Structures are given as C-alpha cells and as structure tokens.
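Novice: The residues making up each chain are set out below.
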Amino acid sequence: MFSLIKAEFIKIIKKKSFLIVTLIFILYCLLTNVIYQNSDILNEYEEDITYLEDENKSLDLSLKKDLETYVANLEKIEVEKYKDEYDSNVQKYLIERYLAPKISLYLNYKYISLEDAKLEKIDEEIKDIEEKIRKENWEYFTKLNIANYKEALKDDLDTSTKERYNTLLKMEEYRLNEGIAYDKDNYLHNALNEIAIDIAEYYNLKYASSLTKEEKTRFDYITKEMQINKYIIEHKVDINNDQSLRAVLKNFSQEFDLFILIYIIMISGSIVSEEFNKGTIKSLLTRPYKRSTILTSKLITVLLFIPIVMVMMCSIEIIMGGMIFGFSSLNVPVVLYSHGIIKTWNIFRYLVLTLLCNIPLYLILGVIAFMISTIMASTSAAITIAFLIYLIGNVIANLALVYKFKIFNYLVFLHWDFNYLVNLEANPYNFSATTSLIVVGVYLIVMLCITYIYFDKKDVKNI
Amino acid sequence: MAILKVANLNKRFGKKEVLKAVSFEVNEGEILAFIGPNGAGKTTTIKCILGLQKINGGEITINGFDIKKDFVRAITRVGAIVEAPDVYMYLSGMDNLRLQASLYKNITDEEIYRVIKLVGLENRINDKVSKYSLGMRQRLGIAIALINNPNLLILDEPTNGLDPEGIKDLRELLINLAKQRVGILISSHNLSELESFCNKVCIISNGSIIKESSIDTLKNLSEVKYRIKIDDTKKLTKLKLEGIKVIDNNYFEVYKDEDCISEFIRVLVNNKIDIYEVIKESLTLEEAFINIAGGKNV
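First to last, the protein sequences are chains A and B.
Numbers given in the working numbering equal positions in the first sequence, counted from 1, plus 2.
Numbers given in the working numbering equal positions in the second sequence, counted from 1, plus 2.
Chain A on its own, in the form it takes in the complex (with noise of 0.2 angstroms):
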C-alpha cells in the first residue's frame, strides 16, 4: 500500500501538468504580492475638476436649483487647488477639513447670501487657515477642537451628546499626547478618523429608544467598528495595512482559493482516467494488489495532497511575500470581533483554521472528480463537471439565501464552506457545525462507494 502511494506521487510529481500549474501559481502569487505593495495607489482616488469646470459653464445662473450646483462645483474645484499645491498628506486632509468649510462659507456669501459685508472677515480667516497649514501646524487645529469640545461641555447637555463629547475630547487628548498628526498613512490616525465619522450615529442609535431592524443592523455593524478601531488604537496594531505579509496571508484562502481547487481537482480529475486513456491500468492491475487496494492508495494520494498543496503554496508566499515586503508584519494579530468582545488570533493560526474550513468542500469536489474520473474514465469530463458543479453549487448557496425550500437543506453546497466559523459569525442559513458535517460526510461515502463498486467491477476495455 506504502509502495503503491508513493508510485502514485512519483506519477504526479513529474507530471508536466503539475508542473505547469505550479509555476503559474508562482507567478499568480508574484503579481497578487505586487498588487498588495502597490493596494495604496490602487485605491487613490482623485476628483476630477475638469468635468466640473465644464458642468459649470452649462449652467444657467439665473435659476436657483443650477446656482447651487454652481457654487458646491466651485467649492471642490477651490479646495482641489488647494490641495495641489501642498504635497504632505496632513496638509491635504487639513485642507479638506478646515479649509473647505471656509470656503463654502465665503462663496455661499459671494453668490447665494450676497453679504458682502461678511466676505473681508471670511476671507481673513482662510489665510489665517491657510499660513496655519503651510508651516503643518496640525497641532493647532486639534488644540483649537479641545477648547471647542470643552466650551462645549459646559452647556447643559443630553447624554448621547455628552458623552460623544468626552470621547471626542478624548480622542484629540490622545492625539495631541501621542503625536499623531491627520496622516492617512498613519493607521492610528485612521483609526482615531474612523471612531470621529461614526460617533454621533453611534451615539445616537445607542440612546434611541428603539430600533428598527435595519438601524439594529447598523448598529451592530458600527458597534463593531468602534471596537476594533479602539483596539488598534489601545494597542497599537497596524491590522488594516494591506501592504505587508500579514495581509496576503489573512486574505490567503479568499486570493488562492481556485488555485488550490485547480489543483486538488486537476490531480484527483485525472488519476484513475489517466491510467485508462494511456493503458497503463492494465500493468497496475496486474501488480499483485487488489483493485480495492489499488483505489484506495490512489484516494489517499489525493487526500495527502490536499494539505500538501496547502503547505507548498503558503511557503512560495510566505517566501515571495517576504522577500517583497519582509517578515515584520508576522506578529501583528488578525482582530475579530463577535458579540461585544473582541479576539485577537496569531495570523499562521488564523490562516491554518482558515485552510481548514474550507477542507469539506476541496474534499467534495476532489471526490466528485474522483469518482467521474473512475466511471467515466475521462479526464476532461471529471474536471469540466466538477468546476460545475462548484459554479452551480454557489449559485444554489446564493439562492437558498432568499428562498427557504426545504429542499436545498439536504444539499451539500449550504454544508461545505465553515469560513463563518473562522470569522466569529453565525452560520447564514442556521445549520449547525455537526449538522454540517454530518450531511458533507454521507455526501463523501456515498460517492466513495459508488467509486469503489464500480472500480471493482469494471472491465478493461480492448482497445
């Protein structure tokens, strides 16, 4: 049996096939590190003024609706000048959050209030703002928001107000103390902005005295967010940087979860058809081995190469990715967060489980292949039909996420993907972890044992 996996190894190994797929793989995995090194100019995102010059001049400023347009069009073509002429990222944000309100101020003077009067005070005021940015006087500004938060807090104030106050005092406490300036390249400086932008839907919902199911949702989602920002923030872990190891790593089953399918369904497709096309079933089946015995070394091999190929891939990334980016990333964590308390995993942990979830369905749709492969004695078909058979069976998951038909639970496609396990999050279709199991498993054997009957029993064909 030992003699007859290993023959089978050997068989794939120097298969030019396998060989062709694994040095596409390493180029996949080159290009996929490359697109996560350059993920920040990727998702840069630029406004374009041009059209809204054009869109300016096409209006008609006599109505009132297209002067509107106007001067909210005028005000991001201002700020975006603004912001060309500075380089640093504080500088642009500064812009954007103290300078732009400025200016809307100024122009809704200039063409809708028609104050005049006012235009000399504003206009004074943006230089203020202006000479405050040039010299990256960000300290000022946050300063400026704890005067304005604790003037603030002396008024009678309701509880949600009052205490999104305090935190934002907090906040730019924190910010001031710690040195963070509005960087968007800084993580805490992002993390610090997330909290700012949800805080008052946060708070609001929070003392709301009931929720819809939408705003529950919301909330729930928000919730989440404000926790894991504040744990990025309490313990300083960059977890949102896509530009490191970590990230490919924490992405690794979602990046090259057809990679490994092609591979276990390519290898598990073709090894007993292979046999028959060539005619060397006929030399296998008269070593002194029971048919049985010859399936079952073949089904192992399979199954061994399902880790296997598990292994090898995440060593060719975890070497490619840290030539490209280095090793440091490593120890920064993967935060989950469920039902109010958050967990931190290692990131090899983390992508071992997440490896692992999607074994049952690599496993059913190796068998899949396996057994067409047995009966049909066609590579080509075993491979078509269960790359199929994973289209259509996530088609049905999707399905069965709106139409509750009692039929669809008996269907392995709702059973086979545990990645909500990974994530802390409840099953979508409200299954349990053993029910799911227990339909993938009588899944597996039935197929297995039509496999092995029908291996058993079949003829070898003159050519």
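To be clear, the hints were calculated from the coordinates, so they are not data collected in a lab.
There's no promise every hint is true.
[Claimed, not checked] In silico DSSO-like pairs for lysine-lysine, Cα to Cα no more than 30 angstroms straight-line:
#1 B:Lys130 to A:Lys18
#2 B:Lys242 to B:Lys258
#3 A:Lys17 to B:Lys258
#4 B:Lys133 to A:Lys16
[What the hints assert, rightly or not] Chain A is nowhere near these chain B residues, computed Cβ spacing over 12 angstroms in every case:
#5 Asp88
#6 Glu197
#7 Asp234
#8 Ile249
#9 Asp261
[Claimed, not checked] A short, non-exhaustive set of chain A residues, derived as facing chain B with CB atoms under 8 angstroms:
#10 Leu6
#11 Lys8
#12 Lys13
#13 Lys215
#14 Lys284
#15 Lys459
#16 Val462
This one's a predicted model, so the numbers in the text were calculated from it and none came from an experiment.
Even for Gly, the Cβ is constructed at its ideal location relative to N, Cα and C.
Please arrange chain B on chain A, whose structure you already have, making use of the hints.
Specialist: For chain B alone, coordinates are given in the frame of chain A:
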C-alpha cells in the same frame, strides 16, 4: 506441472458471447503460441487471465491459485504485455522500471540492471520514454514484464514494432526463459515467427478453441505435401488426378498421406510419365493453420 490452467472460460459482452468454453494449459518451460484471426478472442482471453476483465464462467488458475478467489497470490509471479506496452511516457525508462519494481517486494537494483541488459536497452534507459521508438517501448515493456522474475509470461503481440534484430533477440530471450522453466503464452499474427521456437499451438477462432496440440502433431495432422519433378506437366491434365497443384512445366505439388503416395506414383509410372524427383515437404505452421481454420486468411 501446469502453471496456467484455463478451464471452460466463458465471457460475454452484453448478450454477445465472445469466449465459449475456452480451455488450455501452459506447463513449465512451455511456449504456447496462441493463434487466431482478428476478433477471435485472443486479447479478451489474455485479459481474463490477468483479471483485467471479469469472467462469466469457468475457472482460471495460475500456480494453483484461482484468480477469482486469490487474485493477489495468483498474479504475483506473472509478467505480461497486453496490446501496446503499458509505460508512462513522461517518465524515463529507468523511472518506469523503478516504479514497477517498487510495487513488488525486494527487487534490487541489480535485478533491474539485469533485465535492462536482457532486453538490450542499456544505452537509452535514462531517456524519456516519449523519445523511444515503438520497438524500444516494446523492449521496455518486456523488461517490465520480467522485472518480478515471473514463472508465467503472457505476451500479447510482442513482435509488433520490433525490427528483425529485435525479433531475433526476443526469440533467444524466450527460449532461454523456457529453459529456466518459465511458462510462456504468446499471441501473435506473425505465425512464421512463432513457429521456429514455440512448442505448443493453440488455435482460437470465433471465441472457441479449434485445436490445441504440440507443434509437431499439428504439422503432421494435415496431409503431407510432396513436390514432384516430371518431364512435362501437361500430360497430367489427361489423367484427371485430384489434389494436384501445377507449378510450372516440370514441377507440381500434391497433398497425399504417406500410405497413398506410392499408389499415386504407380499411376504416374503406368501412364508413362518420367519422374525425376519426389520431395516430401512438411507444412509451415501458417499453412497448417490455414488448412485447419478453413482457409481463412490470417
């Protein structure tokens, strides 16, 4: 001692009966030529013996083990080539041999080199099989069939693709193996190739064994052929003799049993035909086969 025993073998494909009560034996040191026209059931019989196709009736035993009940022990000392040689094209010849050798217990490297030498592949053994010619693949197939030191060798059309040199080597190899008490079952279209070294013939047609006998009996079974030289063959036409075949002005052939030939010659003499030569010729295996199979061409 019989190494391979096939008794009353029946095989159906659907409703069609492709093998009907096929029985024969291969003994130690025997080379059995398994002969029949295309579609007669040669390859099917061989596949049934090797367990590649399930049998519908009858019994096959190899070295005393029934292949239905004790396949593993029955097949352990069998080497075979069925149809084309079964080799992995993307591996080298050596890798193929190593791979197959690893499926048996205790086959040493010396053993592998020995069979490589036997089939004469020493120079090309490390090349990929995809670069081999058909004849070289056939040699490799024979090497694989010999790797487990079999005492029953089953070769289906082994001369396919071999050059005359290769056929000569194979013949010597098989004669040598037979001397070491290996039983050999060999099927081929090329009857004259087998004739010179096989010692038993089994003729199959339409799924039934027509004849199983030693090669000498087979040759003697049919009427003996005489080649006779006379002064002028035109004289024969007047005599209205049966079973004669005129070759040219002087020579003709006649199929007669030994006890009838003297009577035949006396008739010639009485008719004043001058006889210069009378030569007894035994039939080639091919001719004997055609006689038995009812004149069908092979």
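Novice: Quick check on lysine 459 of chain A please, does its C-beta sit within 8 angstroms of some C-beta on chain B?
Specialist: Holds: closest Cβ of chain B sits about 7 angstroms from lysine 459 of chain A, inside 8 angstroms.
Novice: Have a go at the leucine 6 of chain A hint: is there a Cβ in chain B nearer than 8 angstroms to its own Cβ?
Specialist: holds (7 angstroms)
Novice: When you look at the beta carbon of aspartate 88 of chain B, is every beta carbon of chain A farther off than 12 angstroms?
Specialist: Per Cβ check, aspartate 88 of chain B is inside 12 angstroms of chain A; nearest 4 angstroms; violated.
Novice: Hint check: lysine 17 of chain A vs lysine 258 of chain B, CA-CA at most 30 angstroms. Holds or violated?
Specialist: Violated - the C-alpha atoms of lysine 258 of chain B and lysine 17 of chain A are around 63 angstroms apart, more than 30 angstroms.
Novice: Going by Cβ atoms only, is lysine 215 of chain A closer than 8 angstroms to chain B?
Specialist: violated (60 angstroms)
Novice: Would you assess whether aspartate 234 of chain B, listed as outside the interface, keeps its beta-carbon beyond 12 angstroms of every beta-carbon in chain A?
Specialist: Holds: least Cβ distance 54 angstroms, greater than 12 angstroms.
Novice: Quick check for students: does the CB of aspartate 261 of chain B sit more than 12 angstroms from each CB in chain A?
Specialist: holds (46 angstroms)
Novice: Going straight from one Cα to the other, do lysine 130 of chain B and lysine 18 of chain A come out at no more than 30 angstroms?
Specialist: holds (13 angstroms)
Novice: Just to be careful, I want the Cα atoms of lysine 242 of chain B and lysine 258 of chain B compared with a cutoff of 30 angstroms; is the pair within it?
Specialist: holds (16 angstroms)
Novice: Does glutamate 197 of chain B sit more than 12 angstroms from chain A, CB to CB?
Specialist: holds (26 angstroms)
Novice: Quick check on lysine 13 of chain A please, does its C-beta sit within 8 angstroms of some C-beta on chain B?
Specialist: Since chain B brings a Cβ to about 6 angstroms from lysine 13 of chain A, closer than 8 angstroms, the hint holds.
Novice: Hint validation: lysine 8 of chain A versus chain B, beta carbon distance must be below 8 angstroms. Holds or violated?
Specialist: Holds, about 7 angstroms.
When held up to the earlier numbered hints, the structure conflicts with 3, 5, 13 and fits the remainder.
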